[in-house]
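Those protein sequence lines, which keep their order, are chains C and X.
No gaps in the numbering here: position 24 of the first sequence is 24 in our numbering, and each next residue is one more.
No gaps in the numbering here: position 174 of the second sequence is 488 in our numbering, and each next residue is one more.
Misleading hints may appear alongside valid ones.
[To be verified] Output of the computed footprint for chain C on chain X, the stretches with three or more beta carbons under 8 Å from beta carbons of chain C:
| id | stretch |
| --- | --- |
| 1 | 370-381 |
| 2 | 419-432 |
| 3 | 480-489 |
Hints were generated in silico from the structure; no laboratory data involved.
Beta carbons are placed, not taken as given, at the ideal position from N, Cα and C, and that holds for glycine.
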Amino acid sequence: MLESIEKNMSNKTLITGKKAENAIKESLFLFTLYICVTIAILTLMTLIYDVLSTGTTRLTSDYEVGLITKIQIDNPVDFLTTLDSRYPDRAGIGPAFAGTVWLMIIVVSVTFPFGTGAAIYLQEFAPKNRLTRFIELNLTNLAGVPSVIYGLLGLAVFVRLAGFGRSILSGGLTLTLLILPVVIVASREALKAVPDTIRQGALALGATKFQAVFRQVVPSAIPGMVTGMVLGLSRAIGETAPLIFMGALTYVNYFPDTPLSGFTAIPIQVYNWIGYPQAEWKETASAGIILLLGLLLIMNSLAIFIRNRYEKDL
Amino acid sequence: MDTKETVKVNSESVFSVKDLSVSYGDFVAIKNVNMDITKNKITAFIGPSGCGKSTLIRTFNRMNDLILGAKVNGTITYQGVDLYDKMVDPVQVRRRIGMVFQKPNPFPKTIKENITFGLKVNNMTDNMDERVEKALTQAALWDEVKDDLNKNALELSGGQQQRLCIARTIAVEPDTILMDEPCSALDPVATKKIEDLMQELVKEFSILIVTHNMQQASRSSDYCAFFTTKTSDDGKRRTGELVEFNETSVMFTTPEQELTEQYISGRFG
Numbered sequence: 001m002l003e004s005i006e007k008n009m010s011n012k013t014l015i016t017g018k019k020a021e022n023a024i025k026e027s028l029f030l031f032t033l034y035i036c037v038t039i040a041i042l043t044l045m046t047l048i049y050d051v052l053s054t055g056t057t058r059l060t061s062d063y064e065v066g067l068i069t070k071i072q073i074d075n076p077v078d079f080l081t082t083l084d085s086r087y088p089d090r091a092g093i094g095p096a097f098a099g100t101v102w103l104m105i106i107v108v109s110v111t112f113p114f115g116t117g118a119a120i121y122l123q124e125f126a127p128k129n130r131l132t133r134f135i136e137l138n139l140t141n142l143a144g145v146p147s148v149i150y151g152l153l154g155l156a157v158f159v160r161l162a163g164f165g166r167s168i169l170s171g172g173l174t175l176t177l178l179i180l181p182v183v184i185v186a187s188r189e190a191l192k193a194v195p196d197t198i199r200q201g202a203l204a205l206g207a208t209k210f211q212a213v214f215r216q217v218v219p220s221a222i223p224g225m226v227t228g229m230v231l232g233l234s235r236a237i238g239e240t241a242p243l244i245f246m247g248a249l250t251y252v253n254y255f256p257d258t259p260l261s262g263f264t265a266i267p268i269q270v271y272n273w274i275g276y277p278q279a280e281w282k283e284t285a286s287a288g289i290i291l292l293l294g295l296l297l298i299m300n301s302l303a304i305f306i307r308n309r310y311e312k313d314l
Numbered sequence: 315m316d317t318k319e320t321v322k323v324n325s326e327s328v329f330s331v332k333d334l335s336v337s338y339g340d341f342v343a344i345k346n347v348n349m350d351i352t353k354n355k356i357t358a359f360i361g362p363s364g365c366g367k368s369t370l371i372r373t374f375n376r377m378n379d380l381i382l383g384a385k386v387n388g389t390i391t392y393q394g395v396d397l398y399d400k401m402v403d404p405v406q407v408r409r410r411i412g413m414v415f416q417k418p419n420p421f422p423k424t425i426k427e428n429i430t431f432g433l434k435v436n437n438m439t440d441n442m443d444e445r446v447e448k449a450l451t452q453a454a455l456w457d458e459v460k461d462d463l464n465k466n467a468l469e470l471s472g473g474q475q476q477r478l479c480i481a482r483t484i485a486v487e488p489d490t491i492l493m494d495e496p497c498s499a500l501d502p503v504a505t506k507k508i509e510d511l512m513q514e515l516v517k518e519f520s521i522l523i524v525t526h527n528m529q530q531a532s533r534s535s536d537y538c539a540f541f542t543t544k545t546s547d548d549g550k551r552r553t554g555e556l557v558e559f560n561e562t563s564v565m566f567t568t569p570e571q572e573l574t575e576q577y578i579s580g581r582f583g
């Protein structure tokens, strides 16, 4: 008798009003999360819709402006290959596009060896002492320095001191400085993520430290390193301030042909176009933004593709 | 078990340890170790956690060199050569004295590449395919993987991965294999396979194994060393020490030390 009462009482504690209460709390919390996600996505979508709806008129045919009919630039290819112009409907992004491509080539070819080299040294070989800790701390800080500062540095070191002038080379090297800390930190994280058991396994087989690092650890870290590299490049491709500071041009009516040519880049060109009062320039600028977004999308897809490919091999 | 009888009696010692102690900074992990390890036998290190047996086994192939602040005092001679002599190249030591780790750690590459890596770094690139087959056969893995040598090693089961790690270790033709709790991450079936494998391998190699598993030590080893931790007088420091080192059959039936008896009968540890 007594037992059955106890049993009932303990069963009763299982049925409380808490269940419904918890369910409400949880759904409220979930709802808040949905709102957050929706706001973030909606903002982005609005931005993209605005740019696309304005810019695509500039990238398709049947474009006429004002009272005077001018030579039409009919398609995206023309937009990419035409020089800048005084007239919004004739202005192409050719020199800026070429300038950005030049910049990327310089940034990649300098950042990749120096960035990965520094990361491999710091993570795998450097003695753990005060100096390396100091360097590590500063790298992390450098990654957060405003990009304008790098523009000043580029102006002082590459343009003036090294005598490269206001050239593509100076611009590329300035952007390299800007993303080098980001790339080093990302590459180090990738190396750090390789389990220590891999290093030990290689060394236990009679591999030297060098063989263990370059034949086992680095190949395992490549997906992460490439991702860091591409993210750094994505940052560099959209930077305007440091380039303006170190003296990129705003109106370029030729295609740069050597690394020492004067240049402009897509974001600078867009910034420049936006500044004009006539409404038509807004369309041209939007077309430039679409190009920039497209480039970023391609680069990030490439990073994802490379990462997936290597991970499949793992 | 019956394979044990076929091992030819050979009392030649392969390692000779004298007054060995290992410390990390101020912390002494293990001290006063004196022992001779017999060639072509299985020697097991047993003892409670923190008694320094893993630390000790890592001094035999100089893996402790990789740990910051690790310091080895005393001597270990390997076939008459002082392993910690200034002239000794630790890379060559590790090539001659292979090691299998607690958690299977195959490289994230194909089965074949796992074996060929060791061959390549040791310039054993002649007859690679034969060497791969021989190593996998010796590690009792060949029949299971011969049709997909280009499969990623991480797709193998835990027991297969550990046998692959043994295969890549023996592929570089060491004299001795160190095993640091090789079965602790495996189920009983996979453990049995590794234990059987050890009985085959000991015909060719000297084997040192650290184990937590008392049954494993009693089943598979020829010699057994029992370690325990001793707390310092002020109660602050715990240091590992060798309590007893004897033939396994003797240690598990008539141990000399009371501590040993208590440990193997499960009364402490």
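(request) Could you tell me which of the numbered hints above are not met by this structure, giving the numbers in increasing order? (result) As far as the earlier hints go, not one is violated by this structure.
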